[in-house]
Structure formats: C-alpha cells, structure tokens
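There are 2 protein chains.
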Amino acid sequence: MEIFFVTNNMNKVREAEAILKEFGIVIKPINVKKIEIQHESLDEIARIAAQNAYQEIKKPVVVEDSGLFINVLNGFPGPYSSYVYKTIGLKGILKLLEDYKEIELRKARFVAVVALALSNNVIHLFKGVTEGLISFEIRGDKGFGYDPIFIPVGSTKTFAEMSIEEKNRYSHRGKAFKELGLWLQRFCVSNKSVCS
Amino acid sequence: MEIFFVTNNMNKVREAEAILKEFGIVIKPINVKKIEIQHESLDEIARIAAQNAYQEIKKPVVVEDSGLFINVLNGFPGPYSSYVYKTIGLKGILKLLEDYKEIELRKARFVAVVALALSNNVIHLFKGVTEGLISFEIRGDKGFGYDPIFIPVGSTKTFAEMSIEEKNRYSHRGKAFKELGLWLQRFCVSNKSVCS
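First to last, the sequence lines map onto chains A and B. If you're matching positions, the first sequence starts at 1 in the working numbering and goes up one per residue. If you're matching positions, the second sequence starts at 197 in the working numbering and goes up one per residue.
Same shape as in the complex, but just chain A (with noise of 0.2 Å):
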C-alpha cells in the first residue's frame, strides 16, 4: 500500500521508507501546509496537525512530530526543537549543559509521535521513545538536526555517527515508525479495500 506523509524533511522520508519498506508500504511525501499548535504534548501537536491534513487531501496521511527533552533542562526544547535548532542550535544545547559534567545531568529523551489519519476523526497514535545522554562535543556528521550530540543508550555513538539502518535500530522515530508498521498490517488484514 502507499501512504502520504506530509513533511518537507527528506532525511525523516529516508528514515521512514528504510522502515516501512519490511511491511510492505511504500511513503509518499507531501508538501501540503503542515498546521501545527503550540503545545507541550506531542500527542496533541500531531493529532491536529494529521486532522488538517486529512482535511487537505482528503486521504489516508500520516505527519510524524517529535522532540528531544532533556532532563536538566526542565523538558527544553521538547516540542519546540526545530525552532531551537534553528535559533540557538547544538552550540547553544551545549552551552546550557556546560556546568553539567556529570553523565546522570545529561541525561535526555528522543520523542517521536506519528499520526495516522483515516478519517476526519479516526486518527491513530504511534509513539517511539528512546532514552540517552546529550554528549559533551557535536560528533558525527550524518542524520541531522539534534543527531550530533545525542548518544542513545546501548551505544557509544552519537546517532550522527550511524547508517540510517543502525540509527532506526535505536531511533525514537524508528521505533515509532514500526508501530504504525506492525498495526497497518494487521489493520489491512480485515480492510483490502483501504489497504489496496
């Protein structure tokens, strides 16, 4: 089956075809105007957001949001940590931690929420955490956005130091991603028709 994903970010494509490839579904991105509210749950950013895409395009469509919260920090930048990136960026993360030397202070969490929009009001939830420090240095230059300073736990590499098929083993939005995944296929099983 394929399914629209509206985003304008090509390395959140890549990262969801490598997969959604094992279930069989195939991404269509698509650049429609993504409205999102200012809020601080995920779940409710991306909820809305796949609501008015749907509303747009009148098919099935997924949006995916996510966020990286960091401990110390109260959250920050959480739900809005494209905006941060844009602004501030790793140097100015990394400034906030400077007196934070110790690796319990650094500890952070990459959020993912994919939303999945069937309907007006059918809208299913997928979330994929994952949990790890912020490094001391920007390491790596692959994935992008907050990769370069995130070491997931279980490994010793920022995710900027990954293929994209080792970062989805580890990835909140890898994760997140297989979930919606896992219940397309089930959910195709007793649908042909949508699945089609």
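Honestly, the hints are just simulated from the structure, not real lab data. This one's a predicted model, so the numbers in the text were calculated from it and none came from an experiment. Don't take every hint at face value.
[Claimed, not checked] With beta-carbon atoms standing in for the labels, derived distance ranges:
{"#": "1", "chain 1": "B", "residue 1": "Ser-389", "chain 2": "A", "residue 2": "Val-13", "range": "51 to 59 Å"}
{"#": "2", "chain 1": "A", "residue 1": "Glu-22", "chain 2": "B", "residue 2": "Asn-205", "range": "20 to 28 Å"}
{"#": "3", "chain 1": "A", "residue 1": "Lys-127", "chain 2": "B", "residue 2": "Asp-337", "range": "24 to 32 Å"}
{"#": "4", "chain 1": "A", "residue 1": "Val-13", "chain 2": "B", "residue 2": "Glu-218", "range": "53 to 61 Å"}
{"#": "5", "chain 1": "A", "residue 1": "Lys-28", "chain 2": "B", "residue 2": "Asn-387", "range": "32 to 40 Å"}
{"#": "6", "chain 1": "B", "residue 1": "Glu-252", "chain 2": "A", "residue 2": "Lys-192", "range": "49 to 57 Å"}
{"#": "7", "chain 1": "B", "residue 1": "Ile-253", "chain 2": "A", "residue 2": "Glu-56", "range": "22 to 30 Å"}
{"#": "8", "chain 1": "B", "residue 1": "Gly-336", "chain 2": "A", "residue 2": "Val-32", "range": "45 to 53 Å"}
{"#": "9", "chain 1": "A", "residue 1": "Phe-23", "chain 2": "B", "residue 2": "Asn-267", "range": "29 to 37 Å"}
{"#": "10", "chain 1": "A", "residue 1": "Ile-138", "chain 2": "B", "residue 2": "Phe-219", "range": "48 to 56 Å"}
{"#": "11", "chain 1": "A", "residue 1": "Glu-17", "chain 2": "B", "residue 2": "Asp-239", "range": "35 to 43 Å"}
{"#": "12", "chain 1": "B", "residue 1": "Phe-332", "chain 2": "A", "residue 2": "Lys-101", "range": "40 to 48 Å"}
{"#": "13", "chain 1": "A", "residue 1": "Glu-104", "chain 2": "B", "residue 2": "Leu-290", "range": "19 to 27 Å"}
[Unchecked claim] Pairs of lysine-lysine residues, derived as DSS-like cross-links and limited to a Cα-Cα distance of at most 27 Å, are as follows:
{"#": "14", "chain 1": "B", "residue 1": "Lys-297", "chain 2": "A", "residue 2": "Lys-95"}
{"#": "15", "chain 1": "B", "residue 1": "Lys-323", "chain 2": "B", "residue 2": "Lys-255"}
{"#": "16", "chain 1": "B", "residue 1": "Lys-208", "chain 2": "A", "residue 2": "Lys-34"}
{"#": "17", "chain 1": "A", "residue 1": "Lys-95", "chain 2": "B", "residue 2": "Lys-323"}
{"#": "18", "chain 1": "A", "residue 1": "Lys-95", "chain 2": "B", "residue 2": "Lys-291"}
{"#": "19", "chain 1": "A", "residue 1": "Lys-127", "chain 2": "B", "residue 2": "Lys-282"}
{"#": "20", "chain 1": "B", "residue 1": "Lys-282", "chain 2": "B", "residue 2": "Lys-208"}
{"#": "21", "chain 1": "A", "residue 1": "Lys-86", "chain 2": "B", "residue 2": "Lys-224"}
{"#": "22", "chain 1": "A", "residue 1": "Lys-34", "chain 2": "B", "residue 2": "Lys-282"}
{"#": "23", "chain 1": "A", "residue 1": "Lys-12", "chain 2": "A", "residue 2": "Lys-33"}
{"#": "24", "chain 1": "B", "residue 1": "Lys-303", "chain 2": "B", "residue 2": "Lys-230"}
{"#": "25", "chain 1": "A", "residue 1": "Lys-142", "chain 2": "A", "residue 2": "Lys-127"}
{"#": "26", "chain 1": "B", "residue 1": "Lys-224", "chain 2": "B", "residue 2": "Lys-323"}
{"#": "27", "chain 1": "A", "residue 1": "Lys-86", "chain 2": "B", "residue 2": "Lys-255"}
{"#": "28", "chain 1": "A", "residue 1": "Lys-101", "chain 2": "A", "residue 2": "Lys-142"}
{"#": "29", "chain 1": "B", "residue 1": "Lys-255", "chain 2": "A", "residue 2": "Lys-101"}
{"#": "30", "chain 1": "B", "residue 1": "Lys-282", "chain 2": "A", "residue 2": "Lys-107"}
{"#": "31", "chain 1": "B", "residue 1": "Lys-303", "chain 2": "B", "residue 2": "Lys-287"}
Just so you know, even glycine gets a beta-carbon here, dropped at the ideal spot from N, CA and C.
Assemble the complex: chain A is given as a structure, and chain B must be docked to it using the hints.
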C-alpha cells in the same frame, strides 16, 4: 465600552487596564481556551488566536501575544518565549549570553501584538516594539517573565525595577494597547452601537 481579553496572565490584564482606562475602555479578562499555532510570526499567532476566540464567544475580543527576540541568538526565544521561560528560565538566557560581554552583542527587542476580532473575518492587529539590552544579571522583582533581564533603550533600569506606569511608558505591550485604545476611540465615533 467593555472588551473581552483572552488571557490567564493577570500581569498582562493589569498592564492593559492601566493603558485602556485612559480611553474609557474596561478590560474583561476571560479564560477561554487560547489556541496558538506554531509560527515564527507573532502576527499570525495572534491573528489565529483572535479568530478562534471570536468563534468561541461571538463577541468583540482581544488576544495578545508577545516575545523577546535576542539578536545574537537569531531571535530566540521569540514566539516561544513563554515555554523557554518555564524551562531554562532567566538563568538559561544569561548562560547563553555569558560569552557576549559587549553591549552591542546583548541587543534584544520585545514585541507585542494585540489582535482585536470584531467578527470571524475582521481582525485588526496592533503592534508595539521596544528595543533594549539583556542585562548581565537578574535585577528587580516587579513585572513578570523576562522583565528582570530587559533594559529598554532610554532607561538604566530593567522592566522589573519599574512600576506598571513607568514600564508602560516604555513597554511593547503598553505601546500595542495604546494603539488599540486610539483605534477604538476613532472607531467608536462612527460605530456607537458596537461600542456602547
């Protein structure tokens, strides 16, 4: 005349009251859900919030959105000032500017946009801008938000070291509400039924 003001920030109510009473306008705070989109333009955020508020209460209504834009941080925290205040706070902002010792590098701008909705489609925007500097330390205990670290051009005090009346002479919010007052005064001359 009376006008509804959607906010749960009593500091903003007091500042608006102090300005608008000079125009014979009574502010009535109302706590309906304020819908704010994610956008880099305060104008858009305020416009859509006012539209949504009008749809909710069906009466002329005002919303206000404001932000602190720091030059050397590419406008951060900007439209997300409130979230940033709640997470990294004043100390976080001072930390980010720690290495910027020259006054020139500490330039910032406070912007307020007041949006008045008179119907679903008639929205008027009033903007106030105040240029200033980020102080080297937290000073004063009046006001709210970033007031203790913002020194407006023309003063040596931070906003938090000023009375409401003094702050209103300098402040972005004061200027925006004054524009609203002037506009409503003119409007009411030819629209007595709306303004009674």
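Hints numbered earlier in the text: which of these fail when held up against the supplied structure?
2, 3, 5, 6, 9, 12, 16, 17, 21, 24, 27, 29
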